[in-house]
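The lines below spell out each chain.
There are 2 protein chains.
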Amino acid sequence: MSDLPKRIHISEEGPREGFQFEKGAIATARKVALIDALSHTGIDQIQIVSFVNPKAVPGMADAEDVVHGITPNTEVAYTALWLNDKGFERALREKRLTLKGTIQLAASEKFLMRNQNRNLAQQLAGQHAIVDMYKAAGVPVERGSIMAAFGCNFEGDVPVARVVSLVGQILDVAKEHGVKLTYITLADTMAWATPLAIKRVVGALRQRWPDVDFALHLHDTRGMAIANAYAGLEMGVTRFDSSVAGLGGCPFAGHKGAAGNVCTEDLVFMCNEIGIETGIDLDALIECAKLAEDVVGHPLPGSVMKGGGLQQYRQ
Amino acid sequence: MSDLPKRIHISEEGPREGFQFEKGAIATARKVALIDALSHTGIDQIQIVSFVNPKAVPGMADAEDVVHGITPNTEVAYTALWLNDKGFERALREKRLTLKGTIQLAASEKFLMRNQNRNLAQQLAGQHAIVDMYKAAGVPVERGSIMAAFGCNFEGDVPVARVVSLVGQILDVAKEHGVKLTYITLADTMAWATPLAIKRVVGALRQRWPDVDFALHLHDTRGMAIANAYAGLEMGVTRFDSSVAGLGGCPFAGHKGAAGNVCTEDLVFMCNEIGIETGIDLDALIECAKLAEDVVGHPLPGSVMKGGGLQQYRQ
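Residue numbers (my numbering), protein chains in the order written: chain A, 1 to 315; chain B, 1 to 315.
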């Protein structure tokens, strides 16, 4: 319990996660309304779009329009996702966006082969060119990321030692290119993690690299996300991706039941109740979660948006 | 992490929780079908009905018919809930039921006053007569229980010291009447608990009474139930109430967003994945969860019933 941090940083992924995953068409203005509402909750980083092939992900065909439609809050970094050079070039044209380069590996070769047609070695080799591309474009490379860090629907369990090895590879790439990473994200892409696995993996990594910060990206497909987040907090994790109302799912998980990231307002509620600062206004966030349900037109899985917070009961 | 138990016991509360909470009428035969399906999953204790005023809880008006309708599995204890002498008398007539007497206190006087029109002292005093009543009827008194142990919508936060005091009072009542309690349930009746609160409360109790077993009854209104269950496991808790598919809610919480107990199949999934035995077949349980949705006629909150287990991906 002693490693519980005093403050965490939350990166809101709901708009990007949700709009790329929802089946029905959502009007650009409605997407913008949710992003603008989120930008006034105290959240200081929102991933708002992905620049991907509109044929593969029709919900992101209006990515540029969404970026142009928002009313930027100068205290918020609006970020984006891309999966290849073409997507990056589109992102680079949008001056409202804060672009952040990532050195990205995966703990599952079968996942990589299936989604990007590359094996682990090819993925690693490709990161050198990607870092050069970011440097040439003036985009800071401040994050490492490991997809499928806790298990894979196509490959099965992931040994802790493999994750340790991958973190080492990411740090080596960064060192070779003279970039200093702020943190490395462990993504539970297909929702295999349990709290015990979080503790084992983060524990092994922090023991090896006590000065590196780790972030968690936790999908909730099997209902473990909030428990996994708490386990991460106990291991001193201070950065989380999360998704308002639990918006989203992973279109690449090969699984129609895939759920979004850990629910932002549930995570903020938990942090409030245990004395960890997030800088985010829970009541404003709950209103955003209700708006998100209205925007997508169906119930979303978040709990605190339905159950409410506890401050109302305290005198 | 070292206190994770090797095995836990799960008491299934879904039928009683769900059928007393659902708004629409559910045919007795459908209730029976769910209970019978649950009785073949390896679950060895199922709370199937409550004997309460049918005017107050119309969904339980057929309690006797449900009891008479099931096909008992001799390896399952079918239990029931009652709130007063009249309910207990009805339960006592049903020879298929395994009756278990409880010494029950509450950590919130306002909750007690509102629901039972008794203050804390009256509730404590009343337990002596109740134990005498159980003893006279030959019903074993093996459980203590504290309602609202982690906080109350009507009274606010509950100090740890109050829970410690209440456990002491329960043990004193038991001692005075010469009954040996098997365990004491801490009920998060209105879903105020966080994992940190679970650790603090259970930690304080286990330090004071290292030989007493504690059980957790965790409502999921604010999405914390599975994280709270994991925190309980880390504190060595070996008994949990849970609810298939997350059925239920508390009709006495004064809160229309109240959710059911921690979802049974999500809890079993987590235990399977971290190596804690439950004796329950997850696949059979997932089928029960799907049946539960069909019986109540609307989506239920369980995650693993939608996301599926992980064994299917392991070779």
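Because the hints were derived from the structure by calculation, they are not lab data. Do not take every clue at face value.
The list treats identical chains as interchangeable, and a pair is accepted whether it falls inside one copy or across any two copies.
What the hints assert, rightly or not - No more than 25 Å apart at the CA atoms, straight line, and that leaves these computed lysine-lysine pairs for PhoX-like:
id, residue 1, residue 2
1, Lys199, Lys6
2, Lys100, Lys290
3, Lys95, Lys199
4, Lys86, Lys55
5, Lys290, Lys23
6, Lys110, Lys6
7, Lys6, Lys95
8, Lys175, Lys290
9, Lys6, Lys86
Hint check:
no. : hint            : result
1   : Lys199 / Lys6   : both (19 Å within a copy, 18 Å between copies)
2   : Lys100 / Lys290 : neither (29 Å within a copy, 43 Å between copies)
3   : Lys95 / Lys199  : neither (39 Å within a copy, 47 Å between copies)
4   : Lys86 / Lys55   : within (14 Å within a copy, 66 Å between copies)
5   : Lys290 / Lys23  : both (19 Å within a copy, 23 Å between copies)
6   : Lys110 / Lys6   : neither (38 Å within a copy, 33 Å between copies)
7   : Lys6 / Lys95    : neither (33 Å within a copy, 55 Å between copies)
8   : Lys175 / Lys290 : neither (44 Å within a copy, 51 Å between copies)
9   : Lys6 / Lys86    : neither (40 Å within a copy, 52 Å between copies)
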